[in-house]
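Undergrad: Chains as they are written, first to last, in numbering that gives the first Met the number 0: chain A, 0 to 345; chain B, 0 to 298; chain C, 0 to 313.
Because the hints were derived from the structure by calculation, they are not lab data. Beta carbons are placed, not taken as given, at the ideal position from N, Cα and C, and that holds for glycine.
No more than 25 Å apart at the CA atoms, straight line, and that leaves these computed lysine to any residue pairs for SDA-like:
hint, chain 1, residue 1, chain 2, residue 2
1, A, Lys171, A, Gly141
2, C, Lys149, B, Ile53
3, C, Lys149, C, Val175
4, A, Lys108, B, Ala192
5, A, Lys336, A, Gly236
6, A, Lys108, B, Pro214
7, C, Lys231, C, Ala217
8, C, Lys149, B, Glu66
9, B, Lys41, C, Phe238
10, C, Lys149, B, Ile57
11, A, Lys181, A, Arg29
12, C, Lys121, B, Ile273
13, B, Lys41, C, Gly226
14, B, Lys41, C, Val156
In silico contact screen, one side only, chain B against chain A (beta carbon under 10 Å); selected entries:
hint, residue
15, Leu193
16, Glu195
17, Met198
18, Leu200
19, Val211
20, Pro214
21, Ala217
Residues per chain are reported as follows:
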Amino acid sequence: MNATGAPAVAFDRVSRTFGEVRAVDDVSFRVEDGEFFSMLGPSGSGKTTCLRLIAGFEQPSSGHIQVHGVNVGGVPPYRRDVNTVFQDYALFPHMNVGENVEYGLMIRKVPKAERRRQAEEMLAMVKLDGLYARRPGQLSGGQRQRVALARALINRPRVLLLDEPLGALDLKLRETMQAEIKAIQRHLGITFVYVTHDQGEALAMSDRLAVFNQGRIEQIGAPAEVYDHPASVFVAGFVGQTNLLDGYLAQRIGGFPATFSIRPERIRVAGEEGGFGFDIASIHGRIAAITYLGATSRLNVQVDGGELIVVEPNVDGGVAPPDRVVGAEVRLTIDRKHIQAVTDAS
Amino acid sequence: MPSEVTPIPSLRSAPPPPRGSVSSGNPVGTARHGPRAGWGLKLAALGGLLFLHIPLAIIVLYAFSIEEKSFVFPIPGFTTKWFAVAFEREDIRAALGLSIRVAAVSTAMALLLGTLAAAAVWRSRFFGREAISLLLILPIALPGIITGIALRSAIGLAEIEFSYWTIVLGHATFCIVVVYNNVLARFRRTNRALIEASMDLGADGFQTLRYVVLPSIATALLAGGMLAFALSFDEVIVTTFTAGQQSTLPIWMLSELIRPRQRPVTNVVAVFVIAVTFIPIVTAFYLTRDTHDVAGSSK
Amino acid sequence: MTTAAALPREDSFLQRLSTSLYLRPRLLLLMLLGPPLLWLGVIYLGSLFALLAQSFFAVDEFSGVVVQEFSLANWTGFVTNPANGDIVLRTFLMALVVTIAAALIAFPVAYYMVRFAGIRTKAVMYLGVMLPLWSSYLVRVYSWKLILAKEGIVSWVMAQLHLTWLLDAALATPVVGGPSLSTSYIGTFLVFTYIWLPFMILPVVAALERVPGSVIEASGDLGADPGQTFRKVIFPLAFPGVVAGSIFTFSLTLGDYIIPGIIGSSTPFLGQAVYSQQGVAGNIPLAAAFTVVPIVIMGIYLTLAKRLGAFDAL
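Chain A with its partners taken away, still in its complex shape (with noise of 0.2 Å):
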């Protein structure tokens, strides 16, 4: 029933409308088969809803969608061979933990003591073992999820869709469930598209990333990609922290009049000597503030034209170099090759 080589999931000129809103505006993206894929953006920029047209319980107001190489339109979510792991887990509050994961393979009808034994291993796999005579009222957060993901992955789909499986998470366990979910991801070969608002996240888990705002994708790439090479000042900004140069400092920097972005800790600290070079533009400037963040220190650092924020890292413990105090003049340095020219499309 799929063609070979098709891509996992494969968006063209999608748009969905509720009423006057265009949730999803003219998207096309392909996911390639194994791919684990994050759709990223803020809430309302239209992510969710792609999801959602994935799973099948939205239908596309125009374009078509294939996942792996068919048309999906007017199939129903019940006959996609796509599963997904809800953000609030949705888990059956009337049924037990094992219930809730063998759900797939009795709507199936799948034998009793089979539906057991796979249920067993998906519970394994999420190292709940021993947890599936419990009621989903019984567990915790990270437990619920995990139960989620068992009962998504059991049906063994193609595509795994995840809606901000972390976010009712606490940061500490959120770290260890990507760890997790990663590694489930490469251990099955599946792909898995990924919904989350979370950039790090997103930068952290996926071999790809799609960039939403406003019901519109404004970059695909891979994080580093993404990262390196904002396409969009929305991007730029969204993605990780950054400085954005226009008027009197682009000029300055850059060399010519543009919006550039440049990454905090991108820019050095330099002492009188050295870091001169052609490529390498250098500005004075004064320090007006100094926030210690743990691994690294973010200088606010005044300049003609604005203010630029530096990240350095504190790598020598509690000692910091006489001139990094509030006040000082320093002297900045930035490799040009680090600037990136951005488009202020939206």
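We have chain A already, so just place chains B and C on it with the hints.
TA: Positioned in the frame of chain A, the structure of chains B and C alone reads:
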């Protein structure tokens, strides 16, 4: 009489008071006013509750009275013989049987129609949602006599003969809202994503209905059904207008009230009616209370 | 793990039906909404409008047959008959007095329940209000026939307390009095108040529960004594609940015909007038005109109540 239930549906359809609010409201009040919850207030509160219950207790007392002709107090002596007498009466048995059959069929229809309406209102925002709620509440919000007389004249105009089915027609009309309110309140506490999750895992609409939707609303259906049954079992005003020659138990009681024949037997029937309606009400109360507790503790 | 389990391809009839409904949510909505809407919208509302329309028909004076032609004769007859005005006024005053009495009894019960009762006591009290509300109306009316009977418990208690003179004085009062409690306005008033009381308590409880504890604490912190807090903070916030409850006590009193028929003097109330017009006299147009009165009064009342914010307390 059907209007009697109005506040319950409305209270039930309101979001259940979160348990937290009860416990966070009370300690403050208790701490600040506890010593001052003076005798005046306690007596007034107790008095109000006693006012509600003493008349019922008095009926129970009179059912054991040996006095036949008057309502003399204190009762001159105890006997249980009236229970046996009432049990042997053919007219009472017939009325009871009719009441049960009417209540059962009306409840079944109300369960179906009320659940359909609740599902429609829950699953989509459509033009006129509020109008639907108003329409459903109307039969019990308007005085029963208006509903009764309207149905009677319409049945007359349509030249339908008054029968068992015209009674059911009237009862189902005002029972729908009881089921609707209970089921809608439950739906509103049910995560919509559960239905999507079920379909996502391969279940079609009917399988989702069977394995996810019905189990989620089961206790609300049971509670709504019990209340609808109690409501129908007791109804008298609309029934007077929609019944032909048949008499339900409340109609039988009403005729005894207007023209008493055997007072002790009426007392026994009254006690029986109290008992029969208390069971479903208490059950419904606990069914819906439990779900509040579960919802509260899982948060 | 990489092989996808093939989904069964042949669809059963139910699956095909499910799919076509899934893809047509409006059709599904129509199927859900259709039966209840047909029932209530056509059968019930239709009957209601047919009834109201009939108030514009007239009854032929000789044959007693309803003439199905538009006519204001029925309405002019209704408005110009002074007896009808008396009925409306009597019922309206009774509804008013019953509402006030129910509010006075209900408030302390609700207030104690929400502010002072522990969780268990509160549940018991709640059930204690719910049970009479849902239990048989007729049985509860009947109980007052026992209580108010000449030889009944009230007379006995009064005699024990040597207060029979008080009872006699009350019954001797003009207008409200009568030969016995069960045949006087006092009796009718007692039964109405008793029957509708739960309808007042529950909305007041709901309104009081919405008064946050922090507000009361704040009032105390700002120097108000409990009495001031009650008057200035709690009562104004709970008042919409009283208004919400009064909607029920008022509406139910306006439409009831059984209570004044069983306990009370022989003067008719609105509900009884409707009942006798349609039942005994067979004059549906006049009965319909009578039913318009409570509908109009309640319409005005609901508009006022909405202004006072009572709908939030329902």
